[in-house]
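Number of protein chains: 4
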Amino acid sequence: MKQIYAEFLGTTILVFLGNSVVANVLLSKTKCSNKNNDTSIGWLTISFGWALAVFMGVLVAYPYSGAHLNPCVTISYAMIGKIPWNIVPFYITSQFLGSMLGSIMVWLLYKDYFHETDSKQIKLSIFSTSPSIKNKLHNFFSEVLSTFTFIFISLYVTIEGVIHFQEIEYTIGLGTLGALPSSLIILGVILSLGGSTGPAINPARDLGPRIIHSILPIHGKGSSDWDYSWIPVLGPLTGSILATSLYIFLLN
Amino acid sequence: MKQIYAEFLGTTILVFLGNSVVANVLLSKTKCSNKNNDTSIGWLTISFGWALAVFMGVLVAYPYSGAHLNPCVTISYAMIGKIPWNIVPFYITSQFLGSMLGSIMVWLLYKDYFHETDSKQIKLSIFSTSPSIKNKLHNFFSEVLSTFTFIFISLYVTIEGVIHFQEIEYTIGLGTLGALPSSLIILGVILSLGGSTGPAINPARDLGPRIIHSILPIHGKGSSDWDYSWIPVLGPLTGSILATSLYIFLLN
Amino acid sequence: MKQIYAEFLGTTILVFLGNSVVANVLLSKTKCSNKNNDTSIGWLTISFGWALAVFMGVLVAYPYSGAHLNPCVTISYAMIGKIPWNIVPFYITSQFLGSMLGSIMVWLLYKDYFHETDSKQIKLSIFSTSPSIKNKLHNFFSEVLSTFTFIFISLYVTIEGVIHFQEIEYTIGLGTLGALPSSLIILGVILSLGGSTGPAINPARDLGPRIIHSILPIHGKGSSDWDYSWIPVLGPLTGSILATSLYIFLLN
Amino acid sequence: MKQIYAEFLGTTILVFLGNSVVANVLLSKTKCSNKNNDTSIGWLTISFGWALAVFMGVLVAYPYSGAHLNPCVTISYAMIGKIPWNIVPFYITSQFLGSMLGSIMVWLLYKDYFHETDSKQIKLSIFSTSPSIKNKLHNFFSEVLSTFTFIFISLYVTIEGVIHFQEIEYTIGLGTLGALPSSLIILGVILSLGGSTGPAINPARDLGPRIIHSILPIHGKGSSDWDYSWIPVLGPLTGSILATSLYIFLLN
Numbered sequence: 003m004k005q006i007y008a009e010f011l012g013t014t015i016l017v018f019l020g021n022s023v024v025a026n027v028l029l030s031k032t033k034c035s036n037k038n039n040d041t042s043i044g045w046l047t048i049s050f051g052w053a054l055a056v057f058m059g060v061l062v063a064y065p066y067s068g069a070h071l072n073p074c075v076t077i078s079y080a081m082i083g084k085i086p087w088n089i090v091p092f093y094i095t096s097q098f099l100g101s102m103l104g105s106i107m108v109w110l111l112y113k114d115y116f117h118e119t120d121s122k123q124i125k126l127s128i129f130s131t132s133p134s135i136k137n138k139l140h141n142f143f144s145e146v147l148s149t150f151t152f153i154f155i156s157l158y159v160t161i162e163g164v165i166h167f168q169e170i171e172y173t174i175g176l177g178t179l180g181a182l183p184s185s186l187i188i189l190g191v192i193l194s195l196g197g198s199t200g201p202a203i204n205p206a207r208d209l210g211p212r213i214i215h216s217i218l219p220i221h222g223k224g225s226s227d228w229d230y231s232w233i234p235v236l237g238p239l240t241g242s243i244l245a246t247s248l249y250i251f252l253l254n
Numbered sequence: 003m004k005q006i007y008a009e010f011l012g013t014t015i016l017v018f019l020g021n022s023v024v025a026n027v028l029l030s031k032t033k034c035s036n037k038n039n040d041t042s043i044g045w046l047t048i049s050f051g052w053a054l055a056v057f058m059g060v061l062v063a064y065p066y067s068g069a070h071l072n073p074c075v076t077i078s079y080a081m082i083g084k085i086p087w088n089i090v091p092f093y094i095t096s097q098f099l100g101s102m103l104g105s106i107m108v109w110l111l112y113k114d115y116f117h118e119t120d121s122k123q124i125k126l127s128i129f130s131t132s133p134s135i136k137n138k139l140h141n142f143f144s145e146v147l148s149t150f151t152f153i154f155i156s157l158y159v160t161i162e163g164v165i166h167f168q169e170i171e172y173t174i175g176l177g178t179l180g181a182l183p184s185s186l187i188i189l190g191v192i193l194s195l196g197g198s199t200g201p202a203i204n205p206a207r208d209l210g211p212r213i214i215h216s217i218l219p220i221h222g223k224g225s226s227d228w229d230y231s232w233i234p235v236l237g238p239l240t241g242s243i244l245a246t247s248l249y250i251f252l253l254n
Numbered sequence: 003m004k005q006i007y008a009e010f011l012g013t014t015i016l017v018f019l020g021n022s023v024v025a026n027v028l029l030s031k032t033k034c035s036n037k038n039n040d041t042s043i044g045w046l047t048i049s050f051g052w053a054l055a056v057f058m059g060v061l062v063a064y065p066y067s068g069a070h071l072n073p074c075v076t077i078s079y080a081m082i083g084k085i086p087w088n089i090v091p092f093y094i095t096s097q098f099l100g101s102m103l104g105s106i107m108v109w110l111l112y113k114d115y116f117h118e119t120d121s122k123q124i125k126l127s128i129f130s131t132s133p134s135i136k137n138k139l140h141n142f143f144s145e146v147l148s149t150f151t152f153i154f155i156s157l158y159v160t161i162e163g164v165i166h167f168q169e170i171e172y173t174i175g176l177g178t179l180g181a182l183p184s185s186l187i188i189l190g191v192i193l194s195l196g197g198s199t200g201p202a203i204n205p206a207r208d209l210g211p212r213i214i215h216s217i218l219p220i221h222g223k224g225s226s227d228w229d230y231s232w233i234p235v236l237g238p239l240t241g242s243i244l245a246t247s248l249y250i251f252l253l254n
Numbered sequence: 003m004k005q006i007y008a009e010f011l012g013t014t015i016l017v018f019l020g021n022s023v024v025a026n027v028l029l030s031k032t033k034c035s036n037k038n039n040d041t042s043i044g045w046l047t048i049s050f051g052w053a054l055a056v057f058m059g060v061l062v063a064y065p066y067s068g069a070h071l072n073p074c075v076t077i078s079y080a081m082i083g084k085i086p087w088n089i090v091p092f093y094i095t096s097q098f099l100g101s102m103l104g105s106i107m108v109w110l111l112y113k114d115y116f117h118e119t120d121s122k123q124i125k126l127s128i129f130s131t132s133p134s135i136k137n138k139l140h141n142f143f144s145e146v147l148s149t150f151t152f153i154f155i156s157l158y159v160t161i162e163g164v165i166h167f168q169e170i171e172y173t174i175g176l177g178t179l180g181a182l183p184s185s186l187i188i189l190g191v192i193l194s195l196g197g198s199t200g201p202a203i204n205p206a207r208d209l210g211p212r213i214i215h216s217i218l219p220i221h222g223k224g225s226s227d228w229d230y231s232w233i234p235v236l237g238p239l240t241g242s243i244l245a246t247s248l249y250i251f252l253l254n
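Protein chains in written order, with our numbering: chain A, 3 to 254; chain B, 3 to 254; chain C, 3 to 254; chain D, 3 to 254.
Rather than coming from a laboratory, the hints here were simulated on the basis of the structure. It is possible that part of the hints are untrue.
For chains that are exact copies, the list does not tell them apart, and a pair is met inside one copy or across any two.
To be verified - Capping the alpha-carbon separation at 25 Å, the derived lysine-lysine pairs in PhoX-like fashion look like this:
| # | residue 1 | residue 2 |
| --- | --- | --- |
| 1 | K223 | K113 |
| 2 | K113 | K138 |
| 3 | K122 | K31 |
| 4 | K31 | K136 |
| 5 | K223 | K122 |
| 6 | K31 | K223 |
| 7 | K136 | K113 |
| 8 | K113 | K31 |
| 9 | K37 | K113 |
| 10 | K37 | K122 |
| 11 | K138 | K31 |
| 12 | K122 | K136 |
| 13 | K84 | K4 |
Remember, it's a predicted structure, so these values are computed and weren't measured experimentally.
Between the sequences and the hints, there should be enough to build the whole structure, so can you do that?
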């Protein structure tokens, strides 16, 4: 039970902080508003913000649930036998609910700034991802490849330290510093691979907030772009399954 | 006694370095002066500076006082029983005195640059926070939510490492690296949640310097905006109490 | 055998993520596109991206191969006796194949954005390095000096922690955090020493992708600048050999 | 003997990498050239570069000499009894020689770019610090206060971890990660306190390169500003002695 709560809380924190940095950069009149429309500095700031959102989500959830915060991670861990399959639906449900609550909180925090911003596209961007150049096949491929890379690398992360003493191996918990590697991986993946689709690399992070976008009475909102919505869901899932398969293959 | 000194010194360092980066970015003719008025890069720089101010304040104070440096943290720790309630007033007094001394030091360091700057608003910003869009109810909510998030996450931080050996758990001090998580949390909270009010998330950090602003003979200063001053005090306190209550509730 | 695979995978990750951040910054219409042509922010972003590419390449490969990911490191380690000379050709071959695969992946990920970009020079930059000011002798010297510095410093890195207990020294694995120092060294070397040639500091990272650039049907591509290609190969090798020689000399 | 070499090498690395990032940002036509004259992004980049220069200088020198790399640190450590006074002149001489060699290397690396740059002031900045607003008394005060803060905080850094086992305290070496705190302190001090004078906070870092500036045949160079040169020497020394005195006073 505790691990279900932890996934819910961790994903709420992840999406609240992650989408808030997008709001802070893209909406008008915020402290960090990208007035000169310099996408480079905007993207660097957003990448740092998302990386730290991961850091905080992981540090809260890790001791209880292992801090997946992403259906792709949950499925990957089930494939390698780290968690039982029967817990997967509960994890994924919590992640979706958390991402929905997180994105409601972003809207509540930045409501006045939504009013100051005209662009419908920007308003959607604070909930869900969208590609720089629309090209469904290529966008799908981009999500597959980004998530493949993220999941494959994550499978090699070792959160704990280790010491060998009298032929026994002891595990060393590194405290909250153990949440740092996941955060740095996300920073690198967004900076390098995010140029095309955003990227979601997490179906809950994208679909949950998109549902909220379509429901909330956001001032001057436009389409929730349902047409695109399957890509940041199926792309990441495909990438995750392929990466985990390769990992299992290489292990043997 | 030592812990009272440590809180005083830590908060002095926190506010001196934290408000100095604001001065370096916002005042005219400094090395880091935001000449092109690019709020995105300004905010990124300020966020890093504040995060490192936390790093340094914590590393000095932690071994002696636990490095609260913030009345919200002190009250939260008293609520969960980590410190006795009777020490709370001494901690909070030290934090206020430290934040006042720290902000005097900022003024002394950047005095010539206050002369070069016209904006009364900028001069106040180097002492205390102010909202991007004035809306008292929403600004209050923003401070509550930011501090809620900060305190809730901070309660899950584990500064030390741990190793299990022959059924006993040994704690591992990680040296000054243990101050890193608090610093990263602040970086993330400012980048993501700071777009609306600044944010204070610390009554001492805001009210102490505001008092100093109203007293010091700052060249061409304007109003200390007392009208707004209760928000970065009561908002953080409310957020802290709510977050700690939720933490206690979840623990049981 | 496993170590050969690890070098291949690690270098693939290194070049895929490293050159992808260059694509994200330099190509048109990406999320991080440097629209205002601000080379300072562009270079800062690229430096962070490359540093994190190193972080991820190292974390995957380190437990299996020691994560050289660079012929200069392999030759240096053979010189100091850390690895046998007869394994060197296998390591270097893997690194070249990995860098070639990595750069193909960059092209696949950013293909639509190559179409949107006119500059032939930018298209080449996403594969291989080129100097700011062409001056072969000085460019060669720049690669020698950058790589000298990188290799010399890297030879002093200690990835593991250590504890002395009852007169015996025990090594402590710090998990994935152990990949951080290499990443920070690359960040510093690129930020400080990269102003002139790029810099490659790694023959595989430069020559492998240059071969791919000359082969792939890249939209509107120009010359692969073979004229310059020997500098980011021989410069780094020279720098590496000199640095390792100095290290060996100082050790005695 | 080894510790003298280590200080020399460490300070060479520190000044070579530290002043190189200044060259990369300020000179014309480099990869990171600050074309839009945006001092905020320039300063952020320079701060990161200097912080990483410290990281690398410390990681090389620490195991042999304790990595002072700064006469202020050496004098402070002698005052608290960490090193004997009779070794102080040897340390300081090495630091000056290292800083001189380091700044020659910067010039060799960026020679072509000195030719492309007109400003005499910028050319000097790549060697030594200069204030934003000339005001000798205040500039002196700024150096005192910056160095005071740096030295005072540094005295509280603990590079090693610690574990208590059967009533004995064992020290844990954290490998190269132990160099991180010093690097982060410099990052914070430069970002926050550097707006006025640069700042030197290290007499060797400023005077050594200034001597080199006056000697080298730099294309189109101007005055070495000897008039100002005593401030970044006496200011830091004063700040260091005051900070160490306060530290000793607080310890008792």
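Do the hints match the structure? See the list:
Taking the closest pair of Cα atoms, K223 and K113 come within 25 Å of each other only inside a single copy of the chain (12 Å); across copies the shortest separation is 31 Å, beyond that limit. For the identical chains of this complex, K113 and K138 are inter-copy neighbours only, at 13 Å across copies versus 32 Å inside a copy, given an alpha-carbon limit of 25 Å. Within a single copy, K122 and K31 get their C-alpha atoms as close as 16 Å, and across copies as close as 19 Å, so both meet the 25 Å cut-off. Taking the shortest alpha-carbon separations for K31 and K136, only the inter-copy value of 11 Å comes in at or below 25 Å, while the best intra-copy value is 29 Å.
In this homomeric assembly, K223 and K122 come within 25 Å of each other (Cα to Cα) only inside a single copy, at 5 Å, whereas the closest approach across copies is 36 Å. In this assembly of identical chains, the alpha carbons of K31 and K223 lie at most 25 Å apart whether taken from the same copy (18 Å) or from different copies (24 Å). Taking identical chains as interchangeable, the C-alpha atoms of K136 and K113 lie at most 25 Å apart only when they sit on different chains, with a minimum of 13 Å there against 28 Å within one chain. For the identical chains of this complex, K113 and K31 are intra-copy neighbours only, at 12 Å inside a copy versus 29 Å across copies, given an alpha-carbon limit of 25 Å.
In this homomeric assembly, K37 and K113 come within 25 Å of each other (Cα to Cα) only inside a single copy, at 19 Å, whereas the closest approach across copies is 29 Å. For the homomeric pair K37 and K122, the shortest alpha-carbon distances inside one copy (17 Å) and between copies (22 Å) are both at most 25 Å. Taking identical chains as interchangeable, the C-alpha atoms of K138 and K31 lie at most 25 Å apart only when they sit on different chains, with a minimum of 16 Å there against 33 Å within one chain. With identical chains, the CA atoms of K122 and K136 are at most 25 Å apart both within one copy (17 Å) and between copies (24 Å).
Taking CA atoms no more than 25 Å apart as the test, K84 paired with K4 passes in both settings, with 17 Å inside one copy and 23 Å between copies.
Against the hints set out earlier in the document, no violation occurs for any number.
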